[in-house]
Every structure is written in C-alpha cells, then in structure tokens.
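Student: Chain by chain, the residues run as shown.
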Amino acid sequence: MSDTAQAPLVQVRGLKMHFPIHAGLFRRHVGDIKAVDDISLDIFESETLGLVGESGCGKSTAGRAIISLYTITDGSVEIDGVDLAQLDSNSLRAMRPKMQMIFQDPQASLNPRMSVASIIAEPLVEHMSLSSSERLARVYELMDAVGLNRAFAERFPHEFSGGQRQRIGIARALALNPKFIVCDEPIAALDVSIQAQVVNLLEDLQKQFGLTYLFISHDLSMVRHIADRVAVMYLGKIVELAPRDTLYSQPLHPYTQALLSAVPEPDPVSEKDRRHIILKGDVPSPANTPTGCNFCTRCPIAEDICRQIDPEFREITPGQFVACHFVGETTKSTGENTTGTIAQH
Amino acid sequence: MSDGAATVLDVKDLRTVFQTGQGEIHAVNSVSFDLKPGELLGVVGESGSGKSVTMMSLIGLLPSPPADIQGGHVNFDGLDLLNIDEDDLRAIRGARIGFIFQDPMTSLNPVFTIGFQLMEPLRMHMGLSKAAARKRAAELLDLVGIADPHKRLSDYPHQFSGGMRQRVMIAIALACDPKVLIADEPTTALDVTIQAQIIDLMKDLRRKLDMAIVWITHDLGVIAGIADRVIVMYGGQIVEHAPVEELFANPQHPYTRALLQTVPSIRGGRSDRLRVIDGQPPILLEAPSQCSFQARCSHAFDRCRRHDPARLTISPGHDVACFWDPATGEPRDE
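From first to last, the protein sequence lines are chains Y and U.
Numbered continuously in the working numbering, the first sequence closes out at residue 369.
Numbered continuously in the working numbering, the second sequence closes out at residue 538.
Errors might be hidden in some of the hints.
As the list claims (entries may be wrong) - The calculated lysine to aspartate or glutamate pairs, modelled on DMTMM-like cross-linking and capped at a C-alpha distance of 25 Å, are:
| # | chain 1 | residue 1 | chain 2 | residue 2 |
| --- | --- | --- | --- | --- |
| 1 | U | Lys407 | Y | Asp297 |
| 2 | Y | Lys231 | U | Asp476 |
| 3 | Y | Lys304 | U | Asp404 |
| 4 | U | Lys407 | Y | Glu295 |
| 5 | Y | Lys296 | U | Asp414 |
| 6 | U | Lys216 | U | Asp512 |
Hints listed in this document are in silico derivations from the structure and should not be mistaken for laboratory results.
Being a predicted model, the structure only gives us computed values, none of them experimental.
Sequences and hints are given; from them, build the entire structure.
Tutor: And the structure:
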C-alpha cells in the first residue's frame, strides 16, 4: 500500500464484518448489517493510525475485528506476519499478548468486584506463569508506568476518578508487553482537562515501549494531535486515508471536508466568518446501504455516476488514498472558501 | 428589542446544597449572573462544575430533598422564582422558560407520539384546542426542519434519529414562545455533522424568534461560534465572565487560560505535547473558604489558600475571581 521499506506490523486486506439479520417465524436470514465493508489498511511499527468517523460508521467494529474479537466475515488481517484468520483457537490465544485493547468506558470495562492489583494481574495469570511475588512486582511496575500510586493497589475501581480508571485500563493493556494496542475512544468519557493527561500518557508509553496504536475516536482535533496517519470511515468503508498533515490541510473526499468543517473551533474571530459545510440528513442504516457510493445520499457534489458505481479506493497523491469519483485531475471542490452555500437548513 | 439596561433573568447569590449520606455537597456557591433579551449566554465548565445544577435550581427542577436551595434571588419578569408557589412556577416552566436537555434519547417519552408530546405544552399553557394545537405542532416541526411534519406527528420517538429527536426537543421547548431558553448541552450527545446542523438551526431560530438563550456546554469550540457572553464555572462558582471575543483573546483566570491551552485545534500550529491541568476537580464538601482552583493552579500563592477570591471587574463586562494578575504575573493588590 505504501512504498515504505519497513514492513507493516498490521496488514488488513478486504476486511468485512457483516452481522446477519434473522427475521420471521423460521428466523430466516433476511439481510446483513454491513458494519465493516471491505476495508484495507496498513499500520506500521511504532506509528499511530487514527480512525475517525461518526457513531455507527463501524470504526469500533473495525478495531475489534482487526484483533479478532469477532470472527470476520471475509478478508485477512496479518499481525506481525501471522494471518489471524488461519489460526485455530489455541494459536490465536498465543497471539493475544501481542495485541491488546483499551476500551472507551473505564467504568464498564473494569470489574467492580476486583481490586486494581487483580485487574492488572489478570492477563499475567492467564498468559504467563509467574510466581505471586513476581506478579505483584510486575503490577507495581505497571502502576508506576501509568502514574498510579502503588498504595492504591488493593482499592476497587469505584474509588477512582474517570481518568484514573482509564489509567488502570491502560496498565492492564500493557501487562503482557503488547506490540499493538487498539484504543477504542479511550478519552471520550473523560473531561477536557483529564483527556489531555491520558493522551500525554499514551504518547509517553508509546515512546517508552515502542507501541503501535490504532486510535479510534470521533474527536478530530485530538486525532490530529496524536495520530501520524488518519483514516476516515463512513458507513463501513474507509473513504480517505492520508498522512495527518495532508488530511487536515488538504482533505479530498467531500465527507472528510464536511466533517472537518463541522468541527467548531475555539476562536470566536475565525468562527464568525468560517463557512460550515452542513450535510443534510442522517447516516443511512448499514443494513440497507445505498447503491453506488455510500455517501451519495448526503454528498453535496453527488451525480448520477455516484448512485450507480461504488468508487474505487485509490492513491491520489503519495500516501493519500481516496474513494471518490471526482477526486483526481478534475477535482470538484466543496472547499470552505470556494463554492458558497451547499446546503442550508 | 434589546435595550442594554433591561434584563429578562437576574440571578443573585444562588446557593444550592445537596444533603447526602456522606454529608453536604455545596454544588452552587453564590452564583450571580443576568441575561438580557435576545442574547446568548454561554456557560462553560467541566462535569461537576455546577453548571447544570445552577440552571435546574433556578427553575425549581431539582427534587428537594436532597437538593436544598439555601439562598439567593432569581428575578424573572418581576417575579422571584425561588419564592413563588409551585403552581405559578409550573405556569412559567415550559411556557415562558423553555428547557432543552442533553440527551435526546431519554428525554422524550417512548410511549407517546411526538405529536402528543408537542401538543401537551400547547394545550396546558396556551389553552389551545386539540385541532389548533395539532396545527401549531406541525408548524413547530416544520420550523425545526423536519420534513413532512403532519405525518411525523403520529410517529413515536424511536422512529426518529438522534439529531431529529433533538430537533423535536427544541420544538417542544419553543412551543409556547418562551422568553428564555435554557439549553443544557444540547449537542453533546450528537455527532459533529449533526451538531453543526443543530447549531445552524439554533442560530437561525434565534434571529427569527428573538429569545434569550442560556447554552450550557463543555465545548469551547461550540461557545466560540454562538455565544455573545460567556461565564466559566469551576467548583460551583463563576470564575470568569466576559464577552466572547474578550474571553478568548484575553482570558484572565488561570483555569480559563489552561482550558484554552489544553484543547487541540484542527487548524493552525500543532504542539508536540498537550498542556495539562494536573489533578482533579474539587469535591465540595463545605462552602468555599479558599480558591477552589488553588490546588491545581500553577500561580497559587498564600492568599489563595486563605481567602476565596471575589469577582473583580477588570474591564467593562469582564470580571474574574482570582487574586493573580496575568498582565503583570504578580498577585493583584489586596
């Protein structure tokens, strides 16, 4: 996909994750929810790939499917050269320490009846044979790494604030020295001032342990801060994937442009004369996706071809992949400064 | 309509305390602000800063116990809302003061149609007949940009998407032509493209209807785009209050300044590391006797631990509750 000499740590090809819909008296298979529909991407070692999109676009499902938390419908995922789909359950289990996950809601993803020490030690119990004193030493080491006071090891999750609970979740994800971590909206449930603390911690840990992140978020400004490359998802497909600076300065797909223009900026002066591209309507249901381009129902520049043919996901400039018929030599622009009123309510 | 001096809502020294098993929680401490006709007042703060509780206390939406409004005056149209009986308050709530809640998923009743829920305030407060209320309800849905309004009146909330439900909530709040609309994080639960739709709609409605709006949010970006004036809350107090341009150009309180720096932007420079505010927001077990931000403040000095700073006007319309002066980097004169 990219001509970097370095081989990607994670290689996703044609990944599909469909959930069947059964209905009627005989629970017949009547259709599929195409949560993730044919995505391909690479994640290189020690980089952070941001995956952004609105709720329901399939970004969390994609993250979970990539680390085989679901049995994927089609496609392949290679992590560190191993094709996960080919593995039987025992060999997959042996791969688990390499790939870990940090969840969105630190309240719901920690067992309220387990102490912090036993939560962090659980992966060690499952995957390694350590003596209890070795295990405790490792737990303390992890608590230090994420900035939790060792004295709190025997406390329970409810005694911690949201940001601290997220640190517990991070320590648990780090316990087995993973290479690849899927961060599924790790800061969405936190307050603004706490979000920055957690993001800085994730960046420090990345440097310290050479981690590779898939950072799933709907917060475009935070992704701009943390990610090296960014993929934008819409209705189960990646519509644009580009290096961070390219994506934010020259978004090519009309959806990326609309998404970026919808983010309010904390600056009243520029906000006054900024043109927002306001998309009409809502995201269609993934059970009943439009023919042609998935975005054609809301796209401000859609034409007949978009309603018939699904655009190919192709490389436009080095490293920048876009799935749109109109991107290329004859780019139709929806840019904030060029065309005027696109849609109004 | 707006003539500088008049205010539609004037809140003075509001104090709300919750009685809990662990003792008292002082959620709102001496909050004072006013609202002029037709203006949009933004209220910013983190969760637990008391922004929602302030607004809910002033229109009597908090159950008592555990909530106990221990003091203050809320002047609305010549009435003190804290000292009128429940029936009078009910006549004002939903009619002359509208309220939009954060979560459009849970604030509509799932077992009644949208039409019924829209017609309820119209029949209750405005005394409209069923037919007239239905006609007005359809107009309101049309106003908030819902297509095919007559047909949609007989739909149930689950048949609407999140953004459309929030539009319905706005239509209900607008039903009786309120003078004041209180919007509590109206776009927080929505996606950015839907949020942009709702903000656009609110800007449009504001022009058409000329009502005063209190917009509660934790998102400084949203505030920058819509507010005329902003109050920043921390630890149940107003720590800074200024016109929107002034607040972003010349923030005074260390909390406001830190907050503006922690938020990354989608344009402009990108710092290698995010600025953080260390520590946690305070738990307000007693009435403040020191600055509530001092434990997290990098400029805190002796006086901050001894006294709770009062709001000090530093330029017309701009006041701040802080002993430290960012212009000189020194404590202000005592």
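Student: Is the straight-line distance between the alpha-carbon of Lys296/Y and that of Asp414/U 25 Å or less?
Tutor: Within the cut-off at roughly 19 Å; holds.
Student: Hint check: Lys407/U vs Asp297/Y, CA-CA at most 25 Å. Holds or violated?
Tutor: holds (14 Å)
Student: Hint check: Lys304/Y vs Asp404/U, CA-CA at most 25 Å. Holds or violated?
Tutor: holds (12 Å)
Student: Would the pair Lys216/U and Asp512/U pass a check requiring their Cα atoms to be no farther apart than 25 Å?
Tutor: Measuring from Cα to Cα gives roughly 18 Å; hence the hint holds.
Student: Are the Cα positions of Lys407/U and Glu295/Y separated by 25 Å at most?
Tutor: holds (13 Å)
Student: Given the hinted pair Lys231/Y and Asp476/U, is their Cα-Cα distance within 25 Å?
Tutor: holds (13 Å)
Violated hints for the displayed structure: none, as all numbered hints are satisfied.
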